[in-house]
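The residues making up each chain are set out below.
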Amino acid sequence: MAEFSTKHRENGEVNIIELNGYLDAHTAQHLEHAISDLITKNKYKVVVNFEQLKYISSAGLGVFMAFIETMRTNSGDIKLAGMQPSVYNIFDLLGFPLLYEIFPTETEAVNKFKN
Amino acid sequence: MEITSKIKQPKVQLFLIAAIGLFFFRMLFSTGGLLISFINEMIVLGVFYFSLLNLTQVLSKKHFSAITLVKSLLFLTLVSILLYNFLEGFHSLIGAEQIELLSSNAIFVSLITFSFDLLIIILLSYLFLVFRLLFFLKQRKNVKTYFTAFLVFLVLSSFATLLDKYAGWDFIKMAFTANAIILMAINSLKISWIAFLSKKEKKQLLLFSFGLIVLFGISISLIHSDNGISKVLNNFSPSLNYFNLLLNIYGVIYFSFLFVTTLFHLPTAEAFDRKATEVTSLQILSRLINQVLDFKELGDTITDLAIKVCNADAAWIILTDDETKTPVAPKNIGFVTADKIQSVLFSQRNKNNDKEITFASVAVCNEHETKNEQFCYAASAPLKSHNNVNGYLFVAKKAEVPFDDEDRSALETFSDYASIATENAKLLKSSIEKERLERELDVAREMQGKLLPQSIPEVEHLDISSVFVPAFEVGGDYYDFFKLSADKFGFIIADVSGKGISAAFIMAELRGIIESLVMTFDNPKDILVKTNEIIERTLQKKNFITAVFGVFDFKSEKLFLSRAGHSSILFVRDNEVREILPGGVGLGLTYSGKFEFYLEEYSLQLKENDIFVLYTDGVTEAKDGNLDDFGLPALKKIVTEFQNESVDTIAKKIMTQVSLFSQGSPQHDDITLLLFKWKNNLEKQHG
Numbered sequence: 001m002a003e004f005s006t007k008h009r010e011n012g013e014v015n016i017i018e019l020n021g022y023l024d025a026h027t028a029q030h031l032e033h034a035i036s037d038l039i040t041k042n043k044y045k046v047v048v049n050f051e052q053l054k055y056i057s058s059a060g061l062g063v064f065m066a067f068i069e070t071m072r073t074n075s076g077d078i079k080l081a082g083m084q085p086s087v088y089n090i091f092d093l094l095g096f097p098l099l100y101e102i103f104p105t106e107t108e109a110v111n112k113f114k115n
Numbered sequence: 001m002e003i004t005s006k007i008k009q010p011k012v013q014l015f016l017i018a019a020i021g022l023f024f025f026r027m028l029f030s031t032g033g034l035l036i037s038f039i040n041e042m043i044v045l046g047v048f049y050f051s052l053l054n055l056t057q058v059l060s061k062k063h064f065s066a067i068t069l070v071k072s073l074l075f076l077t078l079v080s081i082l083l084y085n086f087l088e089g090f091h092s093l094i095g096a097e098q099i100e101l102l103s104s105n106a107i108f109v110s111l112i113t114f115s116f117d118l119l120i121i122i123l124l125s126y127l128f129l130v131f132r133l134l135f136f137l138k139q140r141k142n143v144k145t146y147f148t149a150f151l152v153f154l155v156l157s158s159f160a161t162l163l164d165k166y167a168g169w170d171f172i173k174m175a176f177t178a179n180a181i182i183l184m185a186i187n188s189l190k191i192s193w194i195a196f197l198s199k200k201e202k203k204q205l206l207l208f209s210f211g212l213i214v215l216f217g218i219s220i221s222l223i224h225s226d227n228g229i230s231k232v233l234n235n236f237s238p239s240l241n242y243f244n245l246l247l248n249i250y251g252v253i254y255f256s257f258l259f260v261t262t263l264f265h266l267p268t269a270e271a272f273d274r275k276a277t278e279v280t281s282l283q284i285l286s287r288l289i290n291q292v293l294d295f296k297e298l299g300d301t302i303t304d305l306a307i308k309v310c311n312a313d314a315a316w317i318i319l320t321d322d323e324t325k326t327p328v329a330p331k332n333i334g335f336v337t338a339d340k341i342q343s344v345l346f347s348q349r350n351k352n353n354d355k356e357i358t359f360a361s362v363a364v365c366n367e368h369e370t371k372n373e374q375f376c377y378a379a380s381a382p383l384k385s386h387n388n389v390n391g392y393l394f395v396a397k398k399a400e401v402p403f404d405d406e407d408r409s410a411l412e413t414f415s416d417y418a419s420i421a422t423e424n425a426k427l428l429k430s431s432i433e434k435e436r437l438e439r440e441l442d443v444a445r446e447m448q449g450k451l452l453p454q455s456i457p458e459v460e461h462l463d464i465s466s467v468f469v470p471a472f473e474v475g476g477d478y479y480d481f482f483k484l485s486a487d488k489f490g491f492i493i494a495d496v497s498g499k500g501i502s503a504a505f506i507m508a509e510l511r512g513i514i515e516s517l518v519m520t521f522d523n524p525k526d527i528l529v530k531t532n533e534i535i536e537r538t539l540q541k542k543n544f545i546t547a548v549f550g551v552f553d554f555k556s557e558k559l560f561l562s563r564a565g566h567s568s569i570l571f572v573r574d575n576e577v578r579e580i581l582p583g584g585v586g587l588g589l590t591y592s593g594k595f596e597f598y599l600e601e602y603s604l605q606l607k608e609n610d611i612f613v614l615y616t617d618g619v620t621e622a623k624d625g626n627l628d629d630f631g632l633p634a635l636k637k638i639v640t641e642f643q644n645e646s647v648d649t650i651a652k653k654i655m656t657q658v659s660l661f662s663q664g665s666p667q668h669d670d671i672t673l674l675l676f677k678w679k680n681n682l683e684k685q686h687g
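Protein chains in written order, with the working numbering: chain A, 1 to 115; chain B, 1 to 687.
In case anyone wonders, no lab produced these hints; they're calculated from the structure. Every residue gets a Cβ at the ideal spot worked out from N, C-alpha and C, and that includes glycine. Treat the hints with care, since some could be wrong.
Unchecked claim - What follows is a list of derived Cβ distance ranges for each label pair: (1) E101(A) x L581(B): 20 to 26 Å; (2) N111(A) x P453(B): 48 to 54 Å; (3) N89(A) x V459(B): 18 to 24 Å; (4) K555(B) x N111(A): 53 to 59 Å; (5) F597(B) x N89(A): 21 to 27 Å; (6) D37(A) x A271(B): 49 to 55 Å; (7) R72(A) x S665(B): 35 to 41 Å.
Claimed, not checked - A short, non-exhaustive set of chain B residues, derived as facing chain A with CB atoms under 8 Å: (8) S497; (9) K499; (10) K542; (11) N543; (12) F544; (13) T546; (14) G565; (15) I580; (16) G586; (17) T590; (18) G593; (19) K594; (20) Y598.
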C-alpha cells in the first residue's frame, strides 16, 4: 500500500493530528504510536483532521476505537473532522457517527472542545 | 619439502642398510689412506642423508611454531651434550690409547662406539633439520639459494678436513669455512618471524636464545678441545665432526643475532600484539557475519571482541528499534551502570552527526557503585547500515587512561564490521520471520476455508449462490446458512476487521457464537445483539466485525434482516436496484445499550424473482493499478444488467468484472459474495 504520514499540531489544549495518504492495516501502527504518544503526555483532547486522507481500511478505523475510551474517561475525546465523502461513507456504514463526533471542518471540532 | 615429495616410501630400511654397511666397512678397513677415509666419509654422508630423509618425513606431518622449534633445539643440544659426556666417560673407561685397537678388534666395544656415532648422526641431522625449518619460517621471498649455498660450503668444508688431514692443505678447508661462516651470518639475519611473536613469546625466546648460546658454546668446547670425545668422533669421521662443529658455530651466531634482535623488538611487542588481536578479532567477526543465525550469539561475540580490540573492560550493544533500550549481550557490566553510562554518552553525542564515535569520561557515574562497576572512560560507536543507525556499540574501561587514537580507529573498524554482521543477522531473522508468517497465513486461510460452508444448501424457495476468494493475508470474511425451522432459513455475512491469523481466529469464534445462538433465536436483531454481548470477551478494543444477519420466512414470504455496520444489501426488483441500509453499528464498536438501540429491524414482503446481493468490502474496494476502487456503482450496474440470469451467472459476471478491474494488482482483502433469488410457490408448482 501507498504511504501514510501524520502531523501533530496544538491549538490551545486541543491536539490536532493530521492524516495524510492511505491508512490501512500496515500503516495503522504509525497512527497508534502518534495517539499513544499523546496519552503518555496526558493529552486527551484530540481532533483528527482527515482532509488529506485518501483511504481508510477497517484496521485504520480500529485505531480510534482502541483509544476513545481512554480519552473519554479522562474527560477528553477523539473528534473526527474534514472527511472526504468516500472516507465518511466508510465511517457512516459502520455506524461511527452514532458513537463519535464527526465534524465537516477541523475548526468546528476544535470549537466543540473549547465550548 | 621437496625431498619427501620425490620419495614417498619409508626410508628406514635405507637408513638401516646404510648404517649396517658403514659398520661392516669400518670393521673391514679400520685404518687406511685417503681413499678409504673418503669412502668412509661418503658412507657417513649417506647415513646422514637417509637419517635426514626419515626425520623430514616424520616432521613434515606436523606444524611447528617458532617457539616449539627453539625448544626442540634446546632439547637437542642438551641431549648431545649429555651424549658427549657419556662418550667421554666411556672413552676414559676403556683407555684413550686403546681406541684405535678396540675399534677394529673387540666387536662389543666397536658396537657401542658405533651406536654412539650413529646416535650423533641422527642428532646432527635432527639439529640440521630444525635449523632449516627455523630458517624457512615466515620467509616469503625465495631465500633457498642462501641456504643451499650455506649447505654446500658446510659440506665442502667438512670434506676438506680430509685434505687437511692427509695432504696438509688446510687453506682449502679454511677458505670453505670462511665462506660458510659468512653465509651463517647472512642466514642468521633471516629471522623476520620474531616479529609475529606475542610479547610473552618474545620474552621466552630471549631466555631460550641465551640458553642456546651457552649450550652451543659448551658443545663447541667439547668437540673442539683435545679430549676423548673429539678423538672418538674424529676417528669415526673427521668430516662429520667438523660439520658438527660448524653447525654449533652456526647455532651460536644464529642465536646471538636472535637474542639481540628480540631484545630490540621487545618494546614494540605490545603494539604488535594489539594489532594482531585486532586482525584476528576482525577475522573471527567476518567469518561470523555469514554464519550466525542466533542474534544473541552474534552479540556475545561482538562484545567479547570489542573488549579485546579496544582495551576495554566492559562492552554492550543497544539496538535502536528496541524501545526499552535494554543492553544486548552485556559483558562485565550491569544494566543499571550501563544505563547511566549510556545517558552520559548520549548527552555528549554530536547532535548534527550521530554517525560518529562519541567518547566521554564517565567517572561521575561511579558514585554509589561497587568497586567492580567503576568505569572511568566510555565510548559509543554507531552501528550503521545504509546511512541508518541501527544501534550502538558501547565500550567502557576502568583504567584512568582515556581511549587513544588507536582505540578509536580500532573501534571504528570494528563497529563497521559489527554493523554488517548485525544487519545480516537482522535480514536473516526477518526473512525467517516472513517465512513463518507465510506459513501462518497458510494455516489461517486453510482454517477459514474449512469454517465456511462446503456446499450450498438446497432450499425450496431460494436460488442461492456464493463466492469466496481469500486474500493472501487472510481477511476474516465469514458467511453461513442456517435452517432455523421448517419455514425459516437464515444466513449471515460478516467481515472481521484486521487481517491474518488474528482475524481468522475471531472469525472462528464468531462462527461458534452464531452456531449456538441460532439454536435458540431466529430473530436477526436478537442474534446480533447477543453476539455483540458475547464477542466482547474475544475482541480487542481495536477490533470489530461488520455483519448482516437475515432470515427468509417461507410462510409469510418475508425477509427479515439487521445490519451491524456492514455494507448495504443490494435488492433488485422490477429492473431497479436499491440499497437496503437499515441502521446499526458494527459488532464490537460499543458494548453499551447503544448497540441494541441503534440496530434496526428491517423486513420486506418478498415478490417473485427478488434478488438480494450481499458482499464484503473486498468486492467494492477491489483496487486497480491506480488504487481506485471497483466501487458500488459498478457492482450495481452488473447486477442490473444480468438480473434475469441465474444467481450463479450474476455471481460469475461480478467476479469476472472485479478481476478484470483489479488485473495486475494484488487482492488485498477477502472477497465474499452471497446472492439469493426468491422463487415463490407458484413458480415451484409450475416447475
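Hint check:
| no. | hint | in the structure |
| --- | --- | --- |
| 1 | E101(A) x L581(B): 20 to 26 Å | holds, 22 Å |
| 2 | N111(A) x P453(B): 48 to 54 Å | holds, 51 Å |
| 3 | N89(A) x V459(B): 18 to 24 Å | violated, 33 Å |
| 4 | K555(B) x N111(A): 53 to 59 Å | holds, 55 Å |
| 5 | F597(B) x N89(A): 21 to 27 Å | holds, 22 Å |
| 6 | D37(A) x A271(B): 49 to 55 Å | holds, 51 Å |
| 7 | R72(A) x S665(B): 35 to 41 Å | holds, 39 Å |
| 8 | S497 | holds, 4 Å |
| 9 | K499 | holds, 5 Å |
| 10 | K542 | holds, 3 Å |
| 11 | N543 | holds, 6 Å |
| 12 | F544 | holds, 6 Å |
| 13 | T546 | holds, 6 Å |
| 14 | G565 | holds, 4 Å |
| 15 | I580 | violated, 13 Å |
| 16 | G586 | holds, 5 Å |
| 17 | T590 | holds, 6 Å |
| 18 | G593 | violated, 12 Å |
| 19 | K594 | holds, 7 Å |
| 20 | Y598 | holds, 5 Å |
In this structure, the hints that do not hold are numbers 3, 15 and 18, in rising order.
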